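Engineer: Here is how the chains run, residue by residue.
Protein chains: 2
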Amino acid sequence: MQEPSPSIIRAWGRLIRTERTVVGRIEASLKSAGLPSLHWYDVLLELKRGPGGRLTPREIEAAVLFEQYNLSRLLDRMEGEGLVRRIPYPGDKRRQIVEITDEGRALQERMWSVYGAAINRFIGDKLTDREAGQLSALLLKLLQE
Amino acid sequence: MQEPSPSIIRAWGRLIRTERTVVGRIEASLKSAGLPSLHWYDVLLELKRGPGGRLTPREIEAAVLFEQYNLSRLLDRMEGEGLVRRIPYPGDKRRQIVEITDEGRALQERMWSVYGAAINRFIGDKLTDREAGQLSALLLKLLQE
DNA sequence: TCAATTTGCATGCACTTGCATAGAAACCAG
DNA sequence: CTGGTTTCTATGCAAGTGCATGCAAATTGA
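Listed in order, the protein sequences are those of chains Z and R.
Heads up: the first sequence at position 10 corresponds to 22 in this note's numbering, and the numbers run straight through without jumps.
Heads up: the second sequence at position 117 corresponds to 129 in this note's numbering, and the numbers run straight through without jumps.
Be aware that one or more of the hints could be misleading.
As the list claims (entries may be wrong) - Among the chain R residues that face chain Z by a calculated CB cut under 10 Å, a handful are:
(1) PRO18
(2) TRP24
(3) VAL34
(4) LEU83
What the hints assert, rightly or not - Listed next, with one range per pair, are the computed distances between beta-carbon atoms:
(5) TYR81(R) - MET13(Z): 27 to 37 Å
(6) GLU93(R) - ILE99(Z): 43 to 53 Å
(7) ARG85(Z) - ALA45(R): 26 to 36 Å
(8) LEU77(Z) - PRO100(R): 43 to 53 Å
(9) ALA45(Z) - ARG98(R): 30 to 40 Å
(10) ARG106(Z) - ARG66(R): 48 to 58 Å
I should point out that these hints are in silico values taken from the structure, not numbers from a laboratory.
As the structure is a computational prediction, the values presented were derived from the model and not from experiment.
Just so you know, even glycine gets a beta-carbon here, dropped at the ideal spot from N, CA and C.
Could you build all of it, start to finish, from the sequences and the hints given here?
Structural biologist: Structure below.
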């Protein structure tokens with residue numbers, strides 16, 4: 013095997029470590045405010061953005077990169093909390109539509125007030141907009157293919 | 013709350029998504045080679061680097077950013093597989109020393125041949141060394157504090 | 001048109017992680 | 001010293017995740 017170059021290895025290590033650290037900090041902010049985790053937020057936000065606050069599980073899955081079975085059970089829990097509602101998909105009985113409830117919208121907003129502040133604190137305060145743009149561009153290269 | 017700027021939000025989203033995607037690709041490489049996960053590798057590598065192949069759990073924890081209870085149980089499993097050995101810490105009966113075994117070293121090497129190749133493929137092929145350096149520098153800023 | 005395949009979602013089971021806390025040893029302040 | 005505190009590791013229990021597979025509905029193709 014051709015050894016990866018030191019700068020590549022370093023970048024990879026930093027990517028993992030940084031993600032873990034920043035996610036940890038942000039999750040801690042949410043938790044200490046008594047709010048659920050980022051996964052819940054991701055789903056709520058996607059739904060809110062979807063047409064009429066609705067998406068199919070497959071669409072959510074693609075947007076947030078969860079496994080099908082994990083999303084299925086996450087939706088169970090969120091439905092149990094009254095944050096989303098599953099309704100039948102007209103014309104295809106295999107599929108379903110997930111719709112965000114008013115309660116779900118309210119939670120998304122409450123979460124954003126904490127989450128947004130955490131993003132400011134743990135990212136916004138550390139990078140200029142220009143640097144953030146550079147970072148996004150570099151990360152995009154890794155997503156290719 | 014002061015809304016985070018769009019470029020900050022975008023960078024944050026990319027960070028999570030990229031990490032998730034690349035980790036997923038690399039884990040898939042390991043799995044399809046019948047090898048254990050990155051967490052195991054991280055522990056093996058830290059130990060191998062430690063003096064005499066030894067570290068305390070706390071040292072490993074700090075290096076790899078695992079939770080104490082998760083590391084404790086991961087070490088149980090690794091010890092069960094004969095990759096690692098726990099030995100008493102002289103002079104402090106609360107503590108312990110974890111030592112990598114020959115089998116552990118062998119596994120670390122087998123994993124690296126797959127892992128290193130995956131890093132090349134999923135990162136090395138997508139970034140120049142110069143870009144990797146820029147990425148590391150930007151991520152380092154996020155780790156500060 | 002209908003058998004075979006694919007698609008969408010759910011679920012049993014084992015494994016892993018999070019949380020709280022236990023228990024033992026070491027440390028520290030008076 | 002010694003009683004209270006801190007440090008280090010382990011663990012019971014609940015929650016979350018991965019894997020394989022199930023079932024039902026839709027789609028495909030000979």
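Engineer: Work down the list of hints and note, for each, if the structure agrees.
Structural biologist: Hints, verified against the model:
no., hint, verdict
1, PRO18, "holds, 9 Å"
2, TRP24, "holds, 5 Å"
3, VAL34, "holds, 6 Å"
4, LEU83, "violated, 14 Å"
5, TYR81(R) - MET13(Z): 27 to 37 Å, "holds, 35 Å"
6, GLU93(R) - ILE99(Z): 43 to 53 Å, "holds, 48 Å"
7, ARG85(Z) - ALA45(R): 26 to 36 Å, "holds, 29 Å"
8, LEU77(Z) - PRO100(R): 43 to 53 Å, "holds, 44 Å"
9, ALA45(Z) - ARG98(R): 30 to 40 Å, "holds, 39 Å"
10, ARG106(Z) - ARG66(R): 48 to 58 Å, "holds, 55 Å"
Hint compliance for this structure: hint 4 is the single one not met.
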